[in-house]
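> Single-letter residue listing:
Protein chains: 2
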Amino acid sequence: MKLLLAAALTVTMAASMAPAQTTPQTAPPAVIEDFRPSSLNQPGQSYPQVNSQGYARFRITAPDAKAVKVSLGLGGRGGTVLTKGPDGSWTGTSEGPLDEGFHYYHLTVDGGTFNDPGTLNFYGSTRWESGIEIPAHDADFYALKDVPHGRVEQILFPSPSTGTSRRAFVYTPPGYDRNTRDRYPVLYLQHGWGEDETAWSNQGHANLIMDNLIAAGKTRPFLIVMTYGMTNTIRPGAPGGLASFDIRPFQTVLLDELIPYVDGHYRTLSDQRHRAMAGLSMGGFETKLIAPRHLDRFAYIGLLSGGTMSPEDVKVTPGYRDKVKLTFVSFGSRELEGGRSGPPGGPRSDPRANAAALTAAGIRNVFYVSEGTGHEFQTWRRSLQAMAPLLFRD
Amino acid sequence: MKLLLAAALTVTMAASMAPAQTTPQTAPPAVIEDFRPSSLNQPGQSYPQVNSQGYARFRITAPDAKAVKVSLGLGGRGGTVLTKGPDGSWTGTSEGPLDEGFHYYHLTVDGGTFNDPGTLNFYGSTRWESGIEIPAHDADFYALKDVPHGRVEQILFPSPSTGTSRRAFVYTPPGYDRNTRDRYPVLYLQHGWGEDETAWSNQGHANLIMDNLIAAGKTRPFLIVMTYGMTNTIRPGAPGGLASFDIRPFQTVLLDELIPYVDGHYRTLSDQRHRAMAGLSMGGFETKLIAPRHLDRFAYIGLLSGGTMSPEDVKVTPGYRDKVKLTFVSFGSRELEGGRSGPPGGPRSDPRANAAALTAAGIRNVFYVSEGTGHEFQTWRRSLQAMAPLLFRD
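If you read the protein sequences in the order shown, they are chains F and D. Following the working numbering, the numbering of the first sequence begins with 1 at its first residue and continues without gaps. Following the working numbering, the numbering of the second sequence begins with 1001 at its first residue and continues without gaps.
Just so you know, these hints were derived from the structure itself, not from any lab. We put the CB at the ideal spot given by N, CA and C, even for glycine. Just to be clear, a hint being listed does not mean it is correct.
To be verified - Dumping the calculated EDC-like pairs for lysine to aspartate or glutamate here, alpha-carbon to alpha-carbon at most 20 Å:
1. D:Lys1084 <-> F:Asp64
2. D:Lys1315 <-> D:Asp1350
3. D:Lys1218 <-> D:Asp1138
4. D:Lys1066 <-> F:Asp87
5. F:Lys84 <-> D:Asp1064
6. F:Lys66 <-> D:Asp1087
7. D:Lys1145 <-> F:Glu257
8. F:Lys66 <-> D:Asp1064
9. D:Lys1066 <-> F:Asp64
10. D:Lys1066 <-> D:Asp1087
11. F:Lys145 <-> D:Glu1257
To be verified - Short, incomplete list of chain F residues facing chain D, as computed with Cβ under 8 Å:
12. Gln42
13. Pro43
14. Ile60
15. Asp64
16. Lys66
17. Arg127
18. Arg151
19. Glu153
20. Leu156
21. Pro158
22. Ser165
23. Asn232
24. His265
Bound conformation, chain F alone (with noise of 0.2 Å):
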């Protein structure tokens, strides 16, 4: 079972840190001349601009520079590489259409990289990097409305295995501070490889979609607890790097200083049915490493585009019959493309295929799927709306 995860993960942290691409076209549409500041642009700042057909267009002033390229667009090329006009800015348009939702990018200027100075930074690929949002069709189950808020908490737990104060962000739900007397469950969610505790909020807008849907009355209200995995000690690709990661020292932070901690601190129900784990990519895959030999915790497991669960992992787990109320699995469409659960040369275990064996097992499990998105966060942010309502109902 190592190897099989072993090799799993070497797929996921691939996908993880390629650029955001979309499947080249061989006759991209002609482009539409409705551009507008993305939604993630710093404040006053016109580009970059995206369109209603999902293009990117970048302008970058740099007038001394000799080669200014964008790591975003099609994969043909590498980027969108951009050109100087006569004012000394740099612009450029993607080759086509990306992806709709949230994609990471930098900038290569003269051969250094740097972040975009138009937009607002998000941390992933062990750095803060430029984000872009392209307009999606269903944007609206993330976007900020006048609906009661929940708040974000940063806390500051003790941590005597690592030997200082960590931080994580704790979703507390509208109501909770006035419904003095209600007790709630909480779900533990892990961000990716490269990415940290402010993932899941800054770029998942995680409070955003429990609001809407809490407002909407689809899903019980219960808290989010993100923290740093310390997932990033490890660098994919380099020899032996996978090799090297060891679950224990987050799995000590998480089970004997983080949870202790939300319990003592929050109003809680603290028993196993109420808890849930779930991660997105490593997050995943970390989720799959601790929750499962767990489960006097745990009743709820989500991996998000992190591995699958097959019926020989049920076995080889006791009590995950009874004990867990519910497996969620998601992925993006362009994940599965060739029915695999990553890109070619992936693992052979069909994730479609574990969940439909599982469901025959009579073991409650939900396959997502994210239609036309990627290793990426649009797919996470729909897989979460999808999951909050499933957790917490028995």
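Got chain F; can you put chain D on it based on the hints?
Relative to chain F, chain D alone:
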């Protein structure tokens, strides 16, 4: 009074836009080669570095660039010019030691403005800028220590006057979650021009300053509420920019929307004598424009590098003497060189003289000077540390 305020604002904001600089010295000390990564570097990044004397050393990879400059350094050269090494990286050391504490900066690469990919970014000058921390002799008071920690909670509160949900951060002290019968005073704390609601907790470490003061028994625990002061709608220096600044939109958000929301969702002491308002630089001027005219709401007033309170100001404010329990005014010593509250050419109002006159007139006030710092966050960290213990003692 309006004209006087406008003149003072011009000076304060001009200072806030100027790059951080040390006073030029005729003979900077010889550089000691004990450079270490700045504490604000991104994970794993070894540059920029700082040494024990306060020199900063920068290294940027941009092999094909023609010129790379850092906006931080000594005044005469407008920053630190980097030189290219044989490996294609650009390196340079500040010409002299920089002031203790936090500095904003950015790069100029072939005529374009970019952030240093080595550091974290902080919102200042209306954009996310690079930050560097020169270790201060008194850094302990805002260090992350093994003491009980409060929270920094992001709230989204409804704002009918601006037609959206607005963001604020609320510091809640350790114990707030457990002492469910206790109610707390509130300080409304404003950032400066070019900054936003993230400044006081990110670069200001307001939460850690409070955690440490509370752990030492030096201050009464209270809440701090930080929201965007709508300061950046004006462009200081632009013709008519300052004259067009209107405090009313922010005053409406603060008084009619945010304060009622906080009093409705937190266990506050909501009477006048348990509410304070303070701000740095332009946030101080906002405080002076709002609080004295609403003494039914505020009992404590703090101006941090943001103007002074004169006997004339008090005279034209009915009830000031009785209702204002404390007026706190602070500056960095570099701001006072020449005995003025700003750089040469600034207003003729001497803050020390004003403070002495208030004292002579029996108006309770404290005048605080941060030694060896200018119009920068080290001054304001120290000011908060000095002010907090004086609040809510009546």
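> All hints are to be evaluated individually against the structure, with a verdict given for each.
Do the hints match the structure? See the list:
1. With a CA separation close to 16 Å, the supplied pair Lys1084 (chain D) and Asp64 (chain F) stays within the 20 Å bound.
2. Proximity of Lys1315 (chain D) to Asp1350 (chain D) is assessed by CA-CA distance (about 18 Å); at most 20 Å being required, the pair is judged to hold.
3. Restraint check: the Cα-Cα separation between Lys1218 (chain D) and Asp1138 (chain D) comes to about 16 Å, which is no more than 20 Å; the hinted pair holds.
4. Distance hint between Lys1066 (chain D) and Asp87 (chain F) is fulfilled; the C-alpha atoms sit about 19 Å from each other, no more than 20 Å.
5. Between Lys84 (chain F) and Asp1064 (chain D) the CA atoms are separated by roughly 16 Å; this keeps the pair inside 20 Å, and the hint holds.
6. A threshold of 20 Å between alpha carbons decides the hint, and for Lys66 (chain F) with Asp1087 (chain D) the separation of about 18 Å falls inside it, so the pair holds.
7. With a CA separation close to 17 Å, the supplied pair Lys1145 (chain D) and Glu257 (chain F) stays within the 20 Å bound.
8. Between Lys66 (chain F) and Asp1064 (chain D) the alpha-carbon distance is near 7 Å, which keeps this suggested pair within the 20 Å criterion.
9. With a C-alpha separation of about 7 Å, the suggested pairing of Lys1066 (chain D) with Asp64 (chain F) holds against the 20 Å cut-off.
10. A hinted pair counts as satisfied when its Cα atoms are at most 20 Å apart, and Lys1066 (chain D) with Asp1087 (chain D) qualifies at roughly 14 Å.
11. Between Lys145 (chain F) and Glu1257 (chain D) the CA atoms are separated by roughly 17 Å; this keeps the pair inside 20 Å, and the hint holds.
12. Taken as an interface hint, Gln42 (chain F) checks out: its beta carbon lies about 5 Å from the nearest beta carbon of chain D, inside 8 Å.
13. A distance limit of 8 Å between C-beta atoms decides the matter here; for Pro43 (chain F) the minimum to chain D is near 6 Å, and the interface restraint holds.
14. Nearest Cβ of chain D to the Cβ of Ile60 (chain F): about 6 Å, under the 8 Å cut. The hint holds.
15. For Asp64 (chain F), the shortest C-beta to C-beta distance to chain D is roughly 4 Å, which falls under 8 Å, so the interface hint holds.
16. At a threshold of 8 Å, the smallest CB-CB gap from Lys66 (chain F) to chain D is about 5 Å, leaving the interface hint in force.
17. Among the interface hints, the one on Arg127 (chain F) holds; its C-beta lies about 5 Å from the nearest C-beta in chain D, closer than the 8 Å criterion.
18. Contact between Arg151 (chain F) and chain D, as hinted, is supported at the beta carbon level, the nearest pair being about 5 Å apart and thus within 8 Å.
19. Taking 8 Å as the C-beta cut-off, the interface hint given for Glu153 (chain F) holds, the closest approach to chain D being about 4 Å.
20. Residue-level restraint check for Leu156 (chain F) holds (minimum Cβ-Cβ distance to chain D is 4 Å; threshold 8 Å).
21. Hint on Pro158 (chain F) holds. Least Cβ distance to chain D is approximately 7 Å, under the 8 Å limit.
22. Among the interface hints, the one on Ser165 (chain F) holds; its C-beta lies about 6 Å from the nearest C-beta in chain D, closer than the 8 Å criterion.
23. Because the closest C-beta pair between Asn232 (chain F) and chain D is about 7 Å apart, less than 8 Å, the hint holds.
24. For the restraint placing His265 (chain F) at the interface with chain D, the shortest Cβ-Cβ distance is roughly 5 Å, inside the 8 Å limit, so the hint holds.
Every hint from the earlier list agrees with this structure, and none is contradicted.
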